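Asks: Chains A and B, in that order, are what the protein sequence lines are. 35 is the number of the first residue of the first sequence in this note's numbering; add one for each residue after it. 35 is the number of the first residue of the second sequence in this note's numbering; add one for each residue after it.
Among the hints, a few may not be true.
Any copy will do: because identical chains look the same in the list, a pair fits if it lies in one copy or spans two.
Said to hold, decoys possible - Taking lysine to any residue and the SDA-like style, the derived pairs with C-alpha atoms no more than 20 Å apart in a straight line are:
hint : residue 1 : residue 2
1    : LYS275    : GLU333
2    : LYS81     : ILE453
3    : LYS279    : GLY340
4    : LYS125    : PRO216
5    : LYS279    : LEU335
6    : LYS366    : GLU451
7    : LYS332    : ILE453
8    : LYS139    : GLY42
9    : LYS139    : THR168
10   : LYS125    : ALA342
Calculated directly from the structure, the hints in this document are not laboratory data. If you're wondering where the values come from, they're calculated on a predicted model, not measured in any experiment.
There are 2 protein chains.
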Amino acid sequence: MAIDLVTGNAVIGQSGGPTAVINESLVGVIEGLRRAGAGNPGNPIKKVLGMRHGVTGLVNGDLYDLTDYPHDRLQVLAQTPSAGLGSTRDKPDAAYCERILEACKEHDIRYFFYIGGNDSSDTCRIVNEMANETGYELRCFHIPKTVDNDLVINDHTPGFPSAARFVAKACMADFLDNISLPGIKINVIMGRHAGFLTAASALARRDDRYAHEGGSTDGPQLIYLPEVPFDTDVFVDDVAKLYEKRQRVHIAVSEGIADKHGNSIGAMLIKNAQTDAHGNVQLSGSGALGDALSDLLKEKLTPVGGTAVRVRADTFGYVQRCFPDQSPVDQKEARGVGRFAAKLATSGDVDGSVAIIRTSPIGVSQPYAARFERIELSDVAAKTKHMPAEFIDGHNNVSQKFLDYCRPLVGDLPLYERI
Amino acid sequence: MAIDLVTGNAVIGQSGGPTAVINESLVGVIEGLRRAGAGNPGNPIKKVLGMRHGVTGLVNGDLYDLTDYPHDRLQVLAQTPSAGLGSTRDKPDAAYCERILEACKEHDIRYFFYIGGNDSSDTCRIVNEMANETGYELRCFHIPKTVDNDLVINDHTPGFPSAARFVAKACMADFLDNISLPGIKINVIMGRHAGFLTAASALARRDDRYAHEGGSTDGPQLIYLPEVPFDTDVFVDDVAKLYEKRQRVHIAVSEGIADKHGNSIGAMLIKNAQTDAHGNVQLSGSGALGDALSDLLKEKLTPVGGTAVRVRADTFGYVQRCFPDQSPVDQKEARGVGRFAAKLATSGDVDGSVAIIRTSPIGVSQPYAARFERIELSDVAAKTKHMPAEFIDGHNNVSQKFLDYCRPLVGDLPLYERI
């Protein structure tokens, strides 16, 4: 519903785990607002402000004035990984959201842009509803972002393609390392509830022609997702079978793997674990899950009195979400969703979230295409998307359909040669 | 000493930890031998063979025939990370070297090329001496390779610049991540005895103008090298001081840090550690050192009854040595040392190692230049270079001279913008 523009300032914030392209979205909003004349005399949008560390900065009055931020520096900022404004893990409750609304009134903010995942869209929704209830005209827009790729309605979310690109390239290199010095190698990959990023490890396989015939010979040969209950006995058995055949196994494991009761394997294993504001055990920034799985395999697979089986585990850690080797599709779309949100706001829309909708069919060799669409905040807020069943193949692999879905998003991957 | 060529086959092997450019050297040797006519009728060099998994393959007769390997596939192989022939951790003793010599005789091998670090150069030296003693004409050449950058005489070694590039880019991204969601972040970086790779983390700092005034404000702010005795109390104190100032600290730690008695901190902390053929505890493929340092900081810095200090540790692991984003200088030089070794052999040299000698001054803004030089096998064999004192600044930083030394090797790094 398009109505007249309200006069006041705009504010932009970034929230949650940073990504390699979240600043593209920030710059996209700024560019979109500038194109509509924000900051020019007579324009209803007076200033373009940035929240320092998301809503934390907003409620503390810690704001940047970005209205006249130099154009050339904006272009470098867009390509800079991580949240340029600073991010926050705060998950506002009703009382916090009231403080956000008060801060908006205090700073004459009438346009509220929040770049983040499902928690951020929920913050947007609550603030929006409160503003409506109190009769304060505030236009609230959520801009999608998360390497976990777990926002509903969206085909995928900005940040995921670049993180997936890193995971694919790192797994490719590590698989080649694994075959050069055989043994068992485990890589632990981000994704608390959604397995998309771990699944992207399958793009490391040079050749997936054989996927239909029971798997490529390239690694990772085993992929464990949070969507499939993890059983340690089955895991050991899977590894043992492959190891017997080739004396090497390359394994991708999601940090979020859980047993059939939904208990996180990592949370059970990590000593001195810290929890975040959402009550979640911090799974990243620790090598404990990988080390525990590694110890398990050493114990179970080493023959009595025999030479210890060589097992190594790496945890990709924070570098996977911000590595400066962005997917071109991701850069373009992250910029695009920011611009689109600004356009919604400057066209008189009063609220909403931006979704990426794929318009090209999956699995057909024609150029990838997508469009942006306004969706209701309540449609995306606080909901989590998981890997659909059609993307999963058995208990330890991904499907060809997932590969077809993911491949066009990550950009060109290096070719490699095996003698 | 140039003498006539001997008639027989050539063999090439790769040894030790793989790198992102070790196949450039392999292809360089093959190209060099082909240019000299190897494999052509009448040429003294008959076949070009590859050892499968280094000397392990050679003694088992597990050899590839690379004489007619297609040119276009060689070009892709050159850019493929990790050891295309397979590598080995075997460190041959005298008896093993005798088996190597026997295998050479059996397969009519007269030219022996071994791409590897200081252990590999030592294997080359022993085999060469044995061949000389027994009067078997075998021309032995060592080609440098190691991400640790610890070969003597060489300005630097192929593999190091690409690994340093990864470390710099990963630390840059991770520093930006750290300032967006403050706290303490530790990154554990490869390098058992030499700190060059950990030191390269300093290239992540956007701006080192302030290095002379007590350090850039960009991370990593603290860098711990194996060359400087590590004291946990001093470490905690270093971190506490910076944390008090900014509520965030970005730290790079070498996996090889050791106390003043030379005891490896990692080896003391890693449970269920495995040792390699050289008797070294495997420091990579485990998050134990980072997790232990992280636990230490949480314990020491969290105020009694206060909120836990946010500490995270990542261990970069194997991906740093093979990530497919090679330094252009490294690619060119790795190819070059391979070609140079082939040229030595086909010009009638009987043995030697290839060294990279920098010919441009360090720290002067003119194009980087280097040349290759033949050195004696005994000059490089089994010796380890460490970070020289002039590259180290105090107990937790690197010097401007190190930055000037390292910067031209790694290629262009992305610019970034801080608001």
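Asks: If a hint holds in the structure, say so; if it does not, say that too.
Replies: Here is what the structure says about each hint:
1. LYS275 x GLU333: Answer is within: at 16 Å inside a copy they meet the 20 Å cutoff, but 42 Å across does not.
2. LYS81 x ILE453: Intra 60 Å, inter 17 Å, cutoff 20 Å: inter-copy only.
3. LYS279 x GLY340: Close inside one copy (18 Å), not across copies (53 Å); limit 20 Å.
4. LYS125 x PRO216: Intra 45 Å, inter 16 Å, cutoff 20 Å: inter-copy only.
5. LYS279 x LEU335: within (13 Å within a copy, 49 Å between copies)
6. LYS366 x GLU451: between (31 Å within a copy, 19 Å between copies)
7. LYS332 x ILE453: This pair counts as neither: shortest intra-copy Cα distance 30 Å, inter-copy 48 Å.
8. LYS139 x GLY42: within (10 Å within a copy, 86 Å between copies)
9. LYS139 x THR168: within (11 Å within a copy, 91 Å between copies)
10. LYS125 x ALA342: between (47 Å within a copy, 18 Å between copies)
Hint violations for this structure: number 7 only, all remaining hints satisfied.
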